[in-house]
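Protein chains in written order, with our numbering: chain A, 1 to 294; chain B, 1 to 304.
The hints are simulated quantities; they were obtained by calculation from the structure and are not laboratory data.
Just to be clear, a hint being listed does not mean it is correct.
Between beta-carbon pairs, the in silico distance windows are [as the list claims (entries may be wrong)]: (1) B:266 x A:80: 26 to 34 Å; (2) A:184 x B:134: 48 to 56 Å; (3) A:36 x B:163: 21 to 29 Å; (4) B:139 x A:183: 46 to 54 Å; (5) B:159 x A:282: 41 to 49 Å; (6) A:281 x B:9: 37 to 45 Å; (7) A:18 x B:267: 51 to 59 Å; (8) A:193 x B:18: 30 to 38 Å; (9) B:28 x A:258: 31 to 39 Å.
Just some of the chain A residues that point at chain B, by a computed CB distance under 10 Å [to be verified]: (10) 12; (11) 25; (12) 30; (13) 92; (14) 98; (15) 103; (16) 138; (17) 235; (18) 252; (19) 277.
Here are the simulated DMTMM-like pairs of lysine to aspartate or glutamate, each with C-alpha atoms no more than 25 Å apart in a straight line [unchecked claim]: (20) B:258 x B:269; (21) B:39 x B:269; (22) B:258 x A:148; (23) A:258 x B:247; (24) B:39 x A:148; (25) B:258 x B:53; (26) A:3 x B:213.
Owing to the predicted nature of the structure, the values given are computational and were not obtained by experimental measurement.
From the three backbone atoms N, C-alpha and C, an ideal C-beta is built for every residue, glycine too.
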Amino acid sequence: MEKRVTFSSWTIGILFAVPQLLLIFTFFYWPAGQAVYWSLTLQQPWGGGNIWVGLDNFRSILANADYWNSITASLVFAGISTGLAMFIALVLAALTDRQLAGSRLYRVVLIWPYGIAAPALALAFRFILAPEAGFLSVVNRMWPGIWDPGLDGADAMASIIVAFSWKYVGYNFIFFLAAFQAIPRSLIEAAAMDGSGVIRRFWDIQFPLITPTIFFLLVINITESFQDSFGIVDIMTSGGPANATNLMVYKIYSDGFKGLDYSGAAAQSIILMLLIILLTIFQFRFIERRVHYG
Amino acid sequence: MVERTPFLNFFTHLILFIGFVFCIAPFLIVAIAASHNLKDVNDVPMSLLPGSDFWVNIKTAWVTADLGPKLLNSFIVAGGVAAGKVIISALTAFSIVYFRFPGRMFMFWLIFITLMLPLEVRIVPTYAVVANVLSPYQAILDLTGLSWLIEKVSGVQVSLNLGLLNSYPGLILPLVATATGTFLYRQFFLTLPDELTEAARMDGAGPLRFFIDVLLPLSRNNMAALGTIMFLWAWNQYLWPLLITTDQSHAMAVTELKQLIPNVGGTPEWHIAMAGTLIIMLPPLLVVVLMQRWIVRGLIATEK
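Sequences and hints are given; from them, build the entire structure.
In structure tokens:
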């Protein structure tokens, strides 16, 4: 889409973009380029020059079983939590969009999780899901040891998925609600007059009209599950037990800043960037086709 | 709606009610746990009736984690990020939509690629840049031979150095450097009719005038939505402030949560931890409650 009427003084036009350009050069492009450079060299932690090693960093990372484990964990986490958060939010938004008594109250409250910091949520859920205190302690009293995210990798993974999905249900709910509300009432009323039922109307009218939002949220949720998960992992599991929840972004942090392996962390960042870009392209290529732009 | 669907209505209410309970339960549990004493909070099962120690725990958490200054820092950083995004994004979107200049599309893509790669994945080199924010420019001078030239001519050795670790600009600027807001404004500007620009030009208004007197007032909804969303996003940042604030004077509230986790094997002071969590949760929750209508409205406007 383009404007027909524009301003001719193009020096002024460029001047308006200068602050943004300076910022993204300094804090985006330069560091991104630096990451590529570091990933190809062996970087001494506290200065002292670096040695060109080509793809050696990538070779040693990809030969490491821990790294593959972290990729698998990230994909499992991304798949399950995105699926849960989108499905639940879609159901809730579709239902609150029906004009029933009380739907306003539901709408107000269901948005709340959006405002909560992932780490704050993580601490709350760490308490709620703690094996010895909180609520699952009751279960543990009945069947000792059945639930222990501190020792059992699957339990730990389940904990971080619950915390992440819970926040993103709130986030997705806002977008779904906005999408449903943007559908003209008259369209649905006309269909109702023609005698189509609620479920029919949902599939034939509302669902096709919100597919752009579904697609948008899918891309955002998957991308965020690779990044926004950091705080949750750090507070709830610190990557444990036995690396079961050592997601890619957490591993970059712990290898880079705790292990002082800058080159290894840079190479991991590059792989994570490529993975996110690939996933995004894949979604645009195969899923966007089914999206219906009004 | 015209028809009667008692069965479906019942199910709608049932599912919404379950969703409501799941949504609100963590808040309630945090608040209730924050009101218990050490013994009650560790009871199996924990009592769901509020205890009597709420204010004592709040005070302890406040003092232990030194939350006063940290909340202030969070407000400064979140406010700074929101203001920065609202202003800079508007300027950029104006430039992209309302001008034709060589390289405009290249610039467009240059800016929008930043949406794909958030701070977390380039965290290590970004940290290095913030440690000396002029290092990219020093490197350019070195690579182009300019610093050698300057040294030859003037005898001054160029070494640009400006560290932003443990500073507000260091916390704020890297968070402002993405295109989220620009995209929102662009979508909105594109929906405005060309007649608007024509009329303004007919009245003799230049680009600056048009921007200030026409575009900005029309963008109020977008600004409110963007400002709110960015405030929440910045308030909730964790990894970035965790890294670049090594001294406590610039630490933000959310990063303090880690101090509140009871140590394994230590006294399980969950009541204090939950009191702190409640304090840190509250400001963004208030913002959401107050700005709810604006957030949804701002999003609907961009869908058109």
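Requested in this report: Output the numbers, in ascending order, of every earlier hint that fails for this structure.
Outcome: none
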